[in-house]
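Keeping their order, the protein sequence lines are chains A and B. Letter by letter, the first sequence follows residues 83 to 486 of this note's numbering. Letter by letter, the second sequence follows residues 83 to 486 of this note's numbering.
No lab work stands behind these hints: they were computed from the structure. Heads up, some of the hints might be wrong.
Since the list can't tell identical chains apart, any single copy or any two copies may satisfy a pair.
What the hints assert, rightly or not - With a straight-line Cα cutoff of 25 Å, these simulated SDA-like cross-link-like pairs (lysine to any residue) come out:
| # | residue 1 | residue 2 |
| --- | --- | --- |
| 1 | K471 | R212 |
| 2 | K388 | V481 |
| 3 | K471 | P241 |
| 4 | K471 | P246 |
| 5 | K345 | G233 |
| 6 | K345 | P178 |
| 7 | K388 | C93 |
| 8 | K289 | G480 |
| 9 | K471 | A243 |
| 10 | K388 | G480 |
| 11 | K388 | V274 |
| 12 | K375 | L477 |
| 13 | K471 | L242 |
| 14 | K345 | V134 |
| 15 | K375 | V481 |
| 16 | K289 | D263 |
| 17 | K401 | E369 |
| 18 | K345 | D120 |
| 19 | K401 | A243 |
| 20 | K375 | G480 |
Number of protein chains: 2
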Amino acid sequence: MRFSYLDHLECSRCAKVYDADSLQGVCTCGAPLFARYDLERLTGSFNLEQLVARESGLWRYHELLPVSSPEDVVSLGEPITPLLRLPRIAQHLDLPMLYMKDEGLLPTGTFKARGATVGVSRARQLGAERLAMPTNGNAGAAWALYAARAGLEMLIVMPLAAPPTPRAECAISGARLFLVDGLIGDAGALVVQAVAEQGYTDISTLKEPYRLEGKKTMGLELFEQLGWRVPDVILYPTGGGVGLIGIFKALEECQQLGWIGPKLPRLVAVQASGCAPIVKAWERRAETSEPWKEASTIAFGITVPKALGDFLILRALYKTGGCAVAVADEEILEAQARLANLEGSFICPEGAACFAAAARLRQSGWLKATDEVVVFNTGTGMLYPVTVKVDAPLLSQGVPIPAG
Amino acid sequence: MRFSYLDHLECSRCAKVYDADSLQGVCTCGAPLFARYDLERLTGSFNLEQLVARESGLWRYHELLPVSSPEDVVSLGEPITPLLRLPRIAQHLDLPMLYMKDEGLLPTGTFKARGATVGVSRARQLGAERLAMPTNGNAGAAWALYAARAGLEMLIVMPLAAPPTPRAECAISGARLFLVDGLIGDAGALVVQAVAEQGYTDISTLKEPYRLEGKKTMGLELFEQLGWRVPDVILYPTGGGVGLIGIFKALEECQQLGWIGPKLPRLVAVQASGCAPIVKAWERRAETSEPWKEASTIAFGITVPKALGDFLILRALYKTGGCAVAVADEEILEAQARLANLEGSFICPEGAACFAAAARLRQSGWLKATDEVVVFNTGTGMLYPVTVKVDAPLLSQGVPIPAG
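Next comes chain A alone, as it looks inside the complex:
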């Protein structure tokens, strides 16, 4: 048995093939590279029952991950994230079959840990020593900490406006950390220059092929948790789009392996109305997006004015009969408070955006009460305490708690 069935890399746009045994960036055509596996051979030597006895956590799917030996795995003990019933929110939204997959329980606090555990492991295995990336906060936090675990150097550039907790995560990891007074694109330009001049390996979103493989495990876990079938609809907060692209890749691979049937869930890309290039493109049935001007939203993690993988996101929406929805910051904050109030889950604004989107889609009739709907909460609300309005009276000495 091989640990990984990785075979080669393939351009996601022009299908040009690349060697998977050395560090690779994007295709000469500029598009991201996808990891391709020898699924035929895997089908012959593996069945799903073998999974049952394996340890919990995303590395249980190692045949469909790019790292070729278990000794090279860099892990912080990622658990299988729970798929929670939300009975009160389900009632509120009139979506009786509503689930939330809660990615906030992963190390570093977000789904970014999936990309980091796989990406850092593979980067080190292929000989990378110094990594560099721009980030809105959470990806940088995850990669910085996993790189520290791996003993790799890391350079992080993030917008000045990025939230303080991910910044602290980056700083304590020992990464080289710089701030720019701009958005993630400005940070990205500086990283490109540092990569060219200082010999860093560029691990920006979709500029290396393996972060996506980690994100793919969100799909694998979900399908396994549902008994190797898919829900009717999946809502996902979309900035760079790697999560959504990864889930779609998992869908295609699982279908080719015969692990799931032909049914496709409708994928929904959720954005904030202050930065909604994918929504705008989807409304025009365009193949790519236009850069969003003056992007701004409280859901900072999805403030991505122009995603390198925009055509892949849109392709996934069109192929699955999904859609793209933008929601306002006020709706996001309301949804966040409602999740905590009614279900005890302190989710991040990006996850909350999906619940706001679900409300809209249910109202418009796009979502039916009979739909089985899975919302991804991509991170814990603990990363953004400032989004919470705290109304906590200070009691004076000797004054009892008022009756309530």
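Assemble the complex: chain A is given as a structure, and chain B must be docked to it using the hints.
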């Protein structure tokens, strides 16, 4: 098969017996009540192989938990927390067999979720509707969010100096939240008054019997992860002490069930030198502690000047041949940074205190290089971003990243 083998409650000091089928506080003698199970009957109808097929998470040990039916379980999807090897820290400390059990991956960010999932479930099952507690932050956050999940009302009183993120967790849950300009004892006094006058159920530390049962699962998980055996030493950050008391209770129950052998791990209570009543008592071989004056430490979660269960903590230390150690805030911050730098784990100051304590105990020879040592990190560092010194230069427009 019964879901729970809970039989009765028993005073931890005078052994007086209480009915477990109604809400109970402390014993008439003032000491905490312990849940007692019908271990004899359980031994006859259960074996450990049955556990293998069960879902991950602490509720897999439901026979040893107090909730009598699965429908009454209030859960946010608690994963089994990872038991991580720390090779670089192990080398740094000259403790080759060092592990960390990372409780920071639990919902709400700390081990307090264990007490809350069990305590809230049982409180609701027994008819409680309004709960009240004082907190240094994290217990309040956990109970507030689990109570919201359960649809129960919650009153939280916390020191003004408690960190902002747990405060935000409490606030967003919809709990009634009050601040006091004092320590947890001052908050506790206000809760006692509100309980007496307003009909709340007092769920303060060890004033109800079931939070402890949740904490006990830290021991059960650890022993299972080690293949149903115990390590040589367990280090635990100690404020109210419920974690340590719970692990000791798990030890005794597992021994009575024959799940583990007679060997006991040496339990170590770790405190901050700014609030070390247990250390002071242990040094005098006292049975109880004296209230600590002017308590202050960066490890805010263990700022407990006088624990109700002090005699139980001390008893566990004496019975296992353990010890109590106090460490300075500077040592705590150094250890916290070292864990992130060398292992990529952003732990809380309370967990970091244990690593500082391990360094001291290794230097003194109390810990040997041959000891198998398990440190509990009780929460994620994300809850306390202010403990991190962030050195992140802001780059001016057009200035590239300096060579590094």
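Checked against the structure, which of the hints given earlier come out wrong?
5, 19
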